[in-house]
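Enquirer: Protein sequences, first through last, are from chains Y, E and C.
Letter 236 of the first sequence, counting from 1, is numbered 236 in our numbering, and no numbers are missing.
If you count the second sequence from 1, you need to add 427 to reach our numbering.
If you count the third sequence from 1, you need to add 854 to reach our numbering.
Careful, some of the hints might be misleading.
Have a look at the derived ranges for each label pair, beta carbon to beta carbon [stated by the list, open to error]:
| hint | chain 1 | residue 1 | chain 2 | residue 2 | range |
| --- | --- | --- | --- | --- | --- |
| 1 | Y | Gly295 | E | Arg764 | 33 to 41 Å |
| 2 | E | Pro702 | Y | Thr47 | 56 to 64 Å |
| 3 | E | Asp824 | Y | Thr47 | 38 to 46 Å |
| 4 | E | Arg701 | Y | Arg401 | 37 to 45 Å |
| 5 | E | Thr853 | C | Arg1110 | 51 to 59 Å |
| 6 | Y | Glu392 | C | Arg1255 | 26 to 34 Å |
| 7 | C | Asp1134 | Y | Gly361 | 25 to 33 Å |
Non-contacting residues of chain C with respect to chain E, defined by C-beta distances greater than 12 Å in every case (computed) [what the hints assert, rightly or not]:
| hint | residue |
| --- | --- |
| 8 | Gln933 |
| 9 | Cys1000 |
| 10 | Arg1089 |
| 11 | Gly1245 |
These stretches of chain C come out as covered by chain Y in the derived footprint (C-beta under 8 Å, 3 or more residues) [stated by the list, open to error]:
| hint | region |
| --- | --- |
| 12 | 889-899 |
| 13 | 1135-1149 |
Bear in mind the hints are in silico, worked out from the structure with no lab data behind them.
Every residue gets a Cβ at the ideal spot worked out from N, C-alpha and C, and that includes glycine.
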Amino acid sequence: MTAGEELYKLVAELYPICRSITGDGLRRTLEVIDREIGGLEVSEVPTGTQVLDWTVPREWNVRDAWVADAAGRRVIDFQVSNLHLVSYSTPVRARLSLAELKEHLFTLPDQPDWVPYRTSYYAERWGFCASRRLVDSLPDGDYEVCVDSTLADGHLTYGERLVEGQTSEEVLVSCHVCHPSLANDNLSGIAVASRLARLLAEGRPRYSYRFLFIPGTIGSITWLARNEDHLGRVRHGLVLSGVGDPGGFTYKRSRRGDAEIDRAVTHVLARSGRPHRVVDFSPYGYDERQYCSPGFDLPVGRLSRTEFATYPEYHTSADNLDLVGPAQLQESLELGREVVQVLEGNRRYLNLRPKGEPQLGKRGLYGQIGGRSDAEERQMAMLWVLNQSDGEHTLLDVAERSGLPFALLAEVAATLEEAGLLAEATS
Amino acid sequence: MTAGEELYKLVAELYPICRSITGDGLRRTLEVIDREIGGLEVSEVPTGTQVLDWTVPREWNVRDAWVADAAGRRVIDFQVSNLHLVSYSTPVRARLSLAELKEHLFTLPDQPDWVPYRTSYYAERWGFCASRRLVDSLPDGDYEVCVDSTLADGHLTYGERLVEGQTSEEVLVSCHVCHPSLANDNLSGIAVASRLARLLAEGRPRYSYRFLFIPGTIGSITWLARNEDHLGRVRHGLVLSGVGDPGGFTYKRSRRGDAEIDRAVTHVLARSGRPHRVVDFSPYGYDERQYCSPGFDLPVGRLSRTEFATYPEYHTSADNLDLVGPAQLQESLELGREVVQVLEGNRRYLNLRPKGEPQLGKRGLYGQIGGRSDAEERQMAMLWVLNQSDGEHTLLDVAERSGLPFALLAEVAATLEEAGLLAEATS
Amino acid sequence: MTAGEELYKLVAELYPICRSITGDGLRRTLEVIDREIGGLEVSEVPTGTQVLDWTVPREWNVRDAWVADAAGRRVIDFQVSNLHLVSYSTPVRARLSLAELKEHLFTLPDQPDWVPYRTSYYAERWGFCASRRLVDSLPDGDYEVCVDSTLADGHLTYGERLVEGQTSEEVLVSCHVCHPSLANDNLSGIAVASRLARLLAEGRPRYSYRFLFIPGTIGSITWLARNEDHLGRVRHGLVLSGVGDPGGFTYKRSRRGDAEIDRAVTHVLARSGRPHRVVDFSPYGYDERQYCSPGFDLPVGRLSRTEFATYPEYHTSADNLDLVGPAQLQESLELGREVVQVLEGNRRYLNLRPKGEPQLGKRGLYGQIGGRSDAEERQMAMLWVLNQSDGEHTLLDVAERSGLPFALLAEVAATLEEAGLLAEATS
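For reference, chain Y alone in the conformation it holds in the complex (with noise of 0.2 Å):
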């Protein structure tokens, strides 16, 4: 089974739960996620607890949710599809007119056969979605709807995972678990994350990485009130959401800009053959949002493939299993793994022999019939990386300067160093 195949068969078995900000479904699903990668620290913060401008809500669970017609058929029905129920909505018992009913459904009037996904969190009031091809077929007459929830006093729920590095600086890597059945807006992401997290956690890297697997907003709002004083250890972050789908990727910059995650994720894409695009920063989107604002201002950006809100199939009944796929999941990884290596390669360098070139003949790093007329690749690099090291730029400069790959730079600058022509410069 390919690495894709593997991280498709995880978005599966997470599809059928129905998560939400809170409640057990989350928990089912950090419980998955915690088989994966092992060492999920899982926190369980009480309803009621302020979190910097928020306050953490009550735990929604729900056990069933039914429209009845006046046969007693389910016409609407949570046990087949958990976006049928309005995420949030509050415990009812009752008998409506049609019209009476409509009041509370909620349908895409563009896609006749798709279900929508709606929540209203932070109001309470209950609601179902229906494909429109279904409400519209709905005869005249009364109807029994019943939303067997709980809204309670409980907790909200996250986990994360730390792997640790050489050093204690960070990198964030968050995603979003609060969606339930949506492939490509939750699971996607979370399926990426945690090979990312399994794989990291098989060597000892540079920087510990923190892996965050969140409810959205709230989640993020939580944790960064809870880490309010620790936050100056995250150097990089990214949002890892929306991974699945066919489409080319989405790099959403920090709103600092030209943040170092920044410039790796740009240059991991542009030379990565693959379509993409890089957007700036907006204060709308992810977990971005709570990161990048302005008392925080991390370097935290967004990696997705299509961008949110931008694909017919976004929050509905379509962001399902068929819009994902193992290639496209395995190629997400595999950005988010050279990403990391750009992260992890990024030094600046000291060329010890500054002045003029240093000899690269008489230590075996230099072709030996002169004339040629084209350089080799390799020892073009050999010469920016020297030419550049001054103690001023990374290695990511001279990639971006010369723009030659980075894992090249990255290993001629390690050839250089064990020939004593390099050193990495401590300040």
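We have chain Y; now place chains E and C onto it with these hints.
Expert: Below, chains E and C alone, put in the same frame as chain Y:
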């Protein structure tokens, strides 16, 4: 009557007056302006006064001027159009042959029916301007020439109107008032500036606005010389000239190139949907030359429609009441008002809940059913203002970065301020 | 004879000499250069001298070299073309089979009629270069090989010519003199640099100009090692190489990227109307590699016509007297002179009447009939120089901002200085 029609009416009233850089025509013009806006402070600066590197010239007035043929028939007549006389022509009464006369005649070879506009402020001479067709038709013979003018010690006259605002920081609006019967190149700026002054005087703006109605070059130099100690209060400035023709707008940046006025006008034009271009500063043009001289370097740009000297009617008798129109004048006035709105509203704010997003929902500032595919522009505007309000960015910065209209950002900033989420940055 | 024809004649005279990075061919070349420009100071640096990270190699001289067939007929002959012998070939006298011989033969598979240029300075070996066609035609059998060369302790030779200027600040002009019978890649630069030196020596320029005629790489490294303490006086520098071919100009920026020399050459090229391109620095090429190593980082760019290694004749026998031409050489010389003019004339000035425009008319510097539709370029130049002369901007800054030709700006600056309106900024 629309505002545009009123502006046009003022242009038409001022059109026949023989203005120059000094003299009674200029005084009559300022009287009309004062009637329009009230509170015009008129200065009279004596001939010979040293102003910076210049000297206030003698005052020029003309009672009559003509060229008559052997039969005594006036073939060129100042009474028909004041453009026929070279401005600042010295008095003369003589009989000349056609050949001698022609050395004093100016025509436009490429526009045989138009009369050029010519001046000779600083070299004592006399001359007449006429259409090429007329001059070509003059038969040989003697001609009687009369310039019944006075060039004598007197005064240079200019007017200024201060609209006092809440602060003593000033916006300078300058237009020249020294051209005779030229409609676009003179009167359009006077009309728009006058109306802008009247509109501002109806309220109490944040800035004080100083409107200068001055003869070109020598007038701004005189004003600068006499106000050298107070120039520090000039925060923004705009020269208005040539704002009545049907062409697209031209904004010429200040010498600084990125002054707030430059960015404000650029933003307004970019969002106006009107054809326009923004050009870099150059040391040629109208009085921005003086305000932007290196010893002052004031943040003063220039707003015109078609750039001067690039339309055929420029400095000819064809720059008449047919060239300018009510609609164009009104559009220019509106643009000026929009620029004023940006300057007035352009503040730096501090997000008072800068860590994470403040919870807009609990303050009634956010839609309550989540999961919708698109955010409304107004909510985006709030998020942008909150995100960028770190005390570093002005609303214009936010407008430029977000691509949202300035007015919307200013409106939501006020809403957020009321909600206690935002405060104006004081330093 | 035009200057171009004289340059071509010099190229033709130097063409047959067998140059390398050391040896008598190099000495003979410097003698010819000294005859052309006078005052050439020739340095002889002993073999084994440590120069930066390098060691001065043994001196190489060759009396004869050939490959003869079984019949004793020379099938490859150094006397016919010095390109036939790999430069720095060690002495050998041997009888070899064709297969053994071929291990020492270099050809150009893609250009079967051309002889490649090959060197082996730092690895002891011998070899011959020949056309592919010839090598393919060699019958099986034994061949007699003779390389009658010496590789022995001696000296590395280079020449420098200092044209003393009014200050000790220097402009470095460097060209390599180590290639044998290659016309464009060697001799064109020598010819243009020599003539530039002669022309500059006719006057007393503002800067001192130091012309280096040096073997590539080891020569510039040697010169840098011996002059390390004096490099602070180098204000600008230019490597001249490959300036005789018919292609457009290529300017390669210094490592700094925006040094005055970079801007000067870019400005001259942009206004030249000649096809050209300006490319970023890279650490590969000619001796700019050494001057721009991070320990020196001198402001040295390179001027070429077609970029080396991008034309088929590069480093082959086809880089001969047919590739270069008098017109191209002359054009390159002219461009060099224009660059010198910019460097010489590029000063910062102070407007002594910085408040408002000075009254040019009373100083006879302005046309006296106003109101004309266009200003003349010369008056625009005056206004630009006055407006920008705040002590911050050089004339090159003014040229770039205004789009006016540098020479015109320098001319009006002198006029304004005479008129007492401008003074050179001293700090």
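Enquirer: Flag every earlier hint the structure violates by its number, smallest first.
Expert: When the structure is compared with the hints, numbers 5, 11, 12 turn out to be violated.
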